[in-house]
Amino acid sequence: MKVRKVLSLVSASALALALSVSVVQAQDENVIRVASQSPLSGPQSVLGISIRNGVELAISQHSQALVDLGFTVEFVPFDDQATPEVGTSNAQQIAADPSILAVVGHLNTGVAIPSSEVYNDNQLAMVSPANTGVAITDRGYPTINRIAGRDDTQGQAGAQFAASLDGVESVYVLHDTTAYGQGVADFFRAEAEVQGLTVLNFEGTEEASNFESIIQPILALEPDLIFFGGIYSQTGLFISQARAAGYEGIFMGPDGFDSTEFAELGGDAAVGTYYTTVAAPASFYPNAAQYIEDYTATFGEPPQPFSAQAYDSAVIVLNAIAAAAEEAGGVPSREAVATAVRATTDYEGITGTYTFDDNGDPEYATYVIIEVTSGDPAEWGDNTVLESFQAASPLMAAALAAEATPEATPGM
Amino acid sequence: MTTSTASPRENFRAWLFRPQVAGPLALLYVVIATALLLIQNRSSLWFPLMNICFVPLFLLSPLVVISAPLPSRLKLSAILFMLVILMPIIGMINTSYLELAIQISIFAGLALGLNIVVGFAGLLDLGYVAFFAVGAYLWGMLTSSAPTVFNINGWLLPNWTFYIIIFVAIAAAGIVGVLLGLPVLRLRGDYLAIVTLGFGEVIRVLARNADAPTNFTNGSQGLHNIGKPPLPGFATDITSGISGALGIRMDNPSVVAQQLLFYFIAIVMLVGLIIVARRLQHSPIGRAWAAIREDEVAAIAMGVPLVKMKLLAFATGASFAGAIGVLYAAKQTFIDPQSFVLLQSITVLAMVIVGGMGSIKGVILGAIIVTLLDLHILTNLSLQLNALKNIDFVVPILNFHIRDIPQQLEPAKYQPFVFGLILVLMMIFRPAGLLPEAHRKLELQKTGVAPEDDPNVLAEAIELGEGN
Amino acid sequence: MSSESLSSRRNARIFVPIVTSPLGYRIRGSWFYRFIIFPVGQILLFIIAGTLLLTALSYLLAAAVPEPRPGIVLADQISRQLPGMILSGISLGFVYAMIALGYTLVYGVLKFINFAHSEIFMVGSIVGFEFMRRLFDSGSLGAWNPVILIITVVLAGMLVSGLLAVVIERVAYRPLRGAPRLVPLITAIGISFLIQDGVRAIEALTRNDFNLTYPTNQISWLNTPIPMTFNGAVAGGFNLGGTSFDEIGADGVAYDEFFLGETAHDTLTVGGITLGGTPIRARDVSVGETEFETLTIGERNLEDISGASNVVNIRVTSIIIVVGAMLMLVVLNWFVNGTKTGRGIRAVSQDQSTAGLMGINVNRMVSITFFVGGAFGGAAGALFGLNVGTVTPYVGFIPGLKAFTAAVLGGIGNITGALLGGLTLGLIEAFLNGILAYFPALGQRYTDIFAFSVLILILIFRPSGLLGERVDEKV
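Protein chains in written order, with this note's numbering: chain A, 1 to 412; chain B, 413 to 880; chain C, 881 to 1355.
If we strip away everything but chain A, and leave its shape as in the complex, we get (with noise of 0.2 Å):
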C-alpha cells in the first residue's frame, strides 16, 4: 500500500517534470551547425579526411556574412564509416539537432542514399561533393543537390573515349560489386556495345589484395582494354598485378581511381591509364590555386580529389544559408535552407559554374578524360587531361530537345 502511494507520487512528478524542463528547453537562437559525412575511418578515409577538411576551410573562410548577421557558425564533421547503417544513424542525429541547417557529404552512393530519405524527411538540405550515383538525384526530392557529374554520363564518356582510341576492339569490364562502381561499369558496358566494342566479359569481384587468379581469364582472353569501375585502393594495386602477370593492353576507370595512392599502388603499370572524372585535380582549375595553397597550409598535405569540390558544396550552403537568415531575420528555417540552396544560380565556385536543375543535379557538369603520366604520387597532379567538357543533366537536355524541338520541325 505505502509502496503504491509512492510510485503514484513519484510517477506523477516525474511527469510534471518532464513536462515543465520540455518548455523551459529553450534554443540557442544564435548558433548555426554545418554538418559533414564522409568516411574518416577504414580504407577509403583518405578521400573522406579530404571532403571534411575542404568545408572545414570553406567554413572557416567564407562565414563572415552570416557572422555579421549576429550568428556563430560551427562545423561538425560525422564519420559515416561508408557504411549504410551508421550514415542513416548520424544523419538521424544531425536531424534532431534544430541548429544543423545543411549537410555537406557523403563520399559513398551506398551511404548518401539511405541517409539523404533522413534529410528528405527533414527538409534538411544535402549538398553532395562527389556522390555520381545516378539514384541520388532521379528520386527528384527538393532538398538532395549535387554539384558531381553523373555515373551514367561519366560511363557513357568513358566507353566513347574508349572506342575512340586506335587498336582498342574489345574490352573487358570489372567491377567492385558496390553500388557505385557495378553502377558506372554498367554503363560503360552499355555505351561500349552501341559504340561496337566487344564486350568480352562483365565480372565482379569483391577481392581487395590478390587478383592472380582473377587475372588468369584475362589474360587467354587477352582484351585490348580493361574498364575496372572501383576505387583507387583496390584498382591500384589490380593494374600492378595485371601488369606483373603480363597483360599488355590499356586499363580505364571512372574517378574512383583518382587519388595519389592510385599511382602509390599502381607503380609504372599506372603510366598511361584513362579515366574519366567529374573532379578534375585541383590543379586543373584556374581558380583553385589559392585553395590548395590554404589547405597544404592548413592541414600539412595537398588536397585529394573531391577536396576542392567538397569546399564549393560548403560554400554553396553558407550563401544559401546567409540568404535565407537574411529574409527571414533571424535562424532560417531548414526548409527555406532548402529553397535557398536550390535556388543556387551560376554559382562561381573554384571548381566551376554551379546552378541547379529541378533534380538537383548540376545543370551543367564538367567531365574530365585524364591520362595518368607517372607512376610517381608526387606528380599525379601533372597527369594530362586530354578531353574536358560539359554536359547537360538530364532534365536540362531533355529542356533543350524540347526548346529545340518546336524550331527544328517546321524546317524538317
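Be a bit skeptical, because a hint or two may be false.
Okay, the calculated beta carbon distance ranges per label pair [said to hold, decoys possible]: (1) A:Ser374 with B:Leu810: 43 to 49 Å; (2) B:Val476 with C:Ile1082: 38 to 44 Å; (3) C:Ile1031 with B:Leu837: 37 to 43 Å; (4) C:Thr1086 with A:Glu248: 35 to 41 Å; (5) C:Thr1086 with A:Thr296: 16 to 22 Å; (6) A:Thr72 with B:Leu440: 35 to 41 Å; (7) A:Ala398 with B:Phe579: 42 to 48 Å; (8) B:Leu837 with C:Ala1023: 45 to 51 Å.
For the record, the hints were derived by calculation from the structure and aren't laboratory data. Beta carbons: idealized from backbone N, C-alpha and C, even for Gly.
Model the placement of chains B and C on the given structure of chain A, informed by the hints.
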C-alpha cells in the same frame, strides 16, 4: 554468534534489497534519469558529453524497474508508463532518442532470436544475419520502387500488407532456418560456426548478384523507397496536438508521427518476442534445448529428439530475425547487401555474450549497451572533442590544447578501437556476461573464473565451461 | 646405446604424432626420411593430386558445356589458363595453409578459435613493409643480397607477429581459460579491432597514410617475371617461345620475321592481309575465320597454335612463397614431432591436466604454441605483402577468414589438415575464378559461394574435416 554476524556490507545489501527501499529507489532513479535527460541544454559546450552520460541512464531505466523488488503489477504499470508515455514524449523533444530506442528494439529482437540458438540450444551460429536479410529482402522486394521484376510486372504490394508480411517473413525465415539446419545437424562447435558463417555469406552474395539475369534484388544498387506501414490520418494530428500542448517545437509532425509508429511497432514486436522466448525457455522444449546444450549424448540417452529440437531451435531463432528484418527494411526504407555483412552477425553475437548467454534480461541489456556504444556514445565522443576544438579548449592543469591533438588521432576515426577495447575489458572482468543466466552463474562460482597457474583446476574449469 | 633405446622406447609410448600420413599410419624410418623426405613428398603429393583432380573436373565441365558463351570454347580457354591457374592456386594455397596453421595449432592446444589471428597475419605484412621501407629510405636496400633480404624480411615479420601473439594470449586469453568457450571468441574479436586501429594509428601518425606499398619496384630481380612456355596441350609441339617460323611458310609467304614469343612482329602478310601496327599478339593470328583457315602449317591449322598465350609469367614472389612455405613447413614438422618442446605441446593438446601432472609447464607450452602459430601468421603476412605489393591494416580479414575455412576443411587441430585444407581451398579458388568467368549467369562473384558449398559438402560427409579425428564422446 558467528553464524548470524554479517559484514556491514552484507547488511547494507540486505537493507537495500528490501522492497520498501529498493522499489522507491528504482522509481527515483527513473525520475532522476528522465530529469537529467531533459535539463540538458543543446547549445552547451558539454552537450555531447552529457548526452553520453544521461541517455544510457535513461534507456536502462526499464531494466532497473524490472529488476527492482516491486510487486509485479506495479512493475508492469511503471514500465507501461515509461514505454507508452514517457519515451514517446522524450522522443518528440529529441527525435534522435526515438531513433535510438527503435534501433535498440530492433537489435534486441535480433539478439533474442540468436539467444535461442546460441544461448538456449548451444549451437554457435555466425551467419545469423542471413535470416535478418531474408525478412528484410522479402518486404523490400515486394514494395521497393527499384526496377525489380516485381516492380516492372506490377506485383508490388500495398503498404498496409506490412502487418501480414511480418507473419509471412516469420514463416519464410523459419523455413530457411530449417534448410540451413538440415545439412549441419551432424556438425558441432567450430565446424558448425564456419558452416553457418558460410551460409550467411551465401545469402549476402545471392542478394548482391540476383539482379541478373532476372532482377530480384537490384543487386548492389540496393532497394530504395521501401514501403513504410501506412500512417493513420489521426496520428499526425495527435502528435502535433500533444507537442503543441507540451510546447515542443516540431517542424514536421508527420515525420515524427511516422517514427512514433515505428517505435510502437518495434516495442510491440519486442514484447511479443520476449514473451515467446520466456515461454519457450521454461517449456519442455526449452529444457530439451538446455539438455542438448549441456551434453548431447546424455540428452539422446534421455530420449530428447535431437534432430527435431535442433531444427526447432534454428527455425525459431531464424523466424525472430525474419520478423525483425521486415521492420528494419520498412524503417530504413533502403537496404543493400552491405547491411548484412558478417560484422553484423558478430555484433549481434557480441550483444548476446556481453549481456549474458541464455538470460533474456541479459541479452536485452547487451543489445542496449552494444547499440548505444555503436550509434551513440562513440559518435558523441567525437562530437564532444570537435566542439572543444572549435572553441580551442585548453585542458586546465595540464595546459593542453585540445586543438593540438593530431588530426590522425581524432576519435571519430577510432570507433572500432574503443568498441574492441570495451569488449575485451568486459569479457575479462565479466566473462559470463553482465546478467548471467542463473545456471551458468552457479557453474562459474563453483570453479572460479581465473584459475591462473593450477593446471588441474584449469582443466576442470575448461571441461565445465565447454559442457561436453 | 642403451640409453638411446630407452629413450626411443619412452618415445614410442608418448609419441602419438599429430602429423600422421594421410592414411593414418605412423611415420617411421630415419631422421632424414621422417623430417625431410616424407613431409615434402606429402606436400608434393597433395599438390599433384589436387591439381590433377581439378584439371580433370575442369575438362569434364568443358565436355559437358563446350561453349558456355557464343564464341568461347571452354576447353581452349582452360588449356590457355591452366598453368596460370595452377600456379596462382598453389601460391594462394600456401598462404592460406600458413595462416591456417596458426588457427589449427592454437585450436589443438586450447580448443578455441583465435579469431585475432588474421590481425597477427596483418601485422606480419606491415612489419615486412616497415623493414623494407626503412632499408629503402636509408638507401641500403639495393646493397642487400636478395636471398638474405627476403629471409630477413620474413624473419622480422615472424618475430614481431609471434611476440604479439604471445602478448595477446597472456593479456586477453589466459584470464579467460575457465570461461565458456564463446567468451574468448568475443575477446578475440575485440582484440582484432584493437590491433587494426592501433596499427592504423601508428602508420597514420608516422607515415600519414596506411596504404603501404612495399618498395619492391626498386628491386628489379623481384619485379622481373620469369616467362615460361607451356606448349604441350594446345600448341601441339610447336615451340612458340623463340622459334622462328621460316620453315612453315605457306602460299609463298615468308615468315622469317614472325616470332610469337617476345619479339614484335611488325609485318606479317598472310594471303594479302597485312597484320601490322602495334605488336600482334599470337592470338590475333589464331582467329582463323576467313583467310587463315586455308593456311596450314605442317598438319595443323593455324587455329591450333593459339597456345602462344600459354606463355605464363611466373612471378618471382610466387616462387618465394612456395619455397619459403615448404621450408617452414618442414621446420614445423621437425619442431612438433622431433623436439622435446614439440612433444610437450602435443602432450598438452591431448590432455592438459595429465600433461601438467607429468611435469610439463602448461602455460609455457601454450605461450610457445602461440608464438609458433603467430610466427607462421607473420611469415605468411610478409610473403603475402611481397607478393601483392600493398598492404593496409585491414588486409587480414579476408585471407584470415579463408584460412580459417581451410583449417576447418582439413580438420581443425590437425597440422597436416591445415596444409591440405589451405592447398585445396587455394586451388579451388583459382580454378573457380578461372572458369566461372565464362558462365554469363554466374561469374567470378560466385567463387566464394562455390568454395563454401564445397566446404559444406565435405563437412556433410566428413563432419570433422578431411583429416579430422573422429570426435570421441565422453559419456
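Outcome of the hint check:
As the Cβ distance of Ser374 (chain A) to Leu810 (chain B) is approximately 46 Å, the hint placing it in 43 to 49 Å holds. The given range of 38 to 44 Å is respected by Val476 (chain B) and Ile1082 (chain C), whose C-beta atoms sit roughly 41 Å from each other. The hint said 37 to 43 Å for the Cβ distance between Ile1031 (chain C) and Leu837 (chain B), and at roughly 39 Å that hint holds. For Thr1086 (chain C) and Glu248 (chain A), the hinted distance range of 35 to 41 Å is satisfied, since their beta carbons lie about 37 Å from each other.
At about 20 Å, the CB distance of Thr1086 (chain C) to Thr296 (chain A) agrees with the hint of 16 to 22 Å. Checked against the hint of 35 to 41 Å, the C-beta distance between Thr72 (chain A) and Leu440 (chain B) comes to roughly 38 Å, which is consistent with it. The hinted range of 42 to 48 Å is satisfied by Ala398 (chain A) and Phe579 (chain B), whose Cβ atoms lie roughly 45 Å apart. Between Leu837 (chain B) and Ala1023 (chain C) the C-beta distance comes to about 47 Å, which sits within the given range of 45 to 51 Å.
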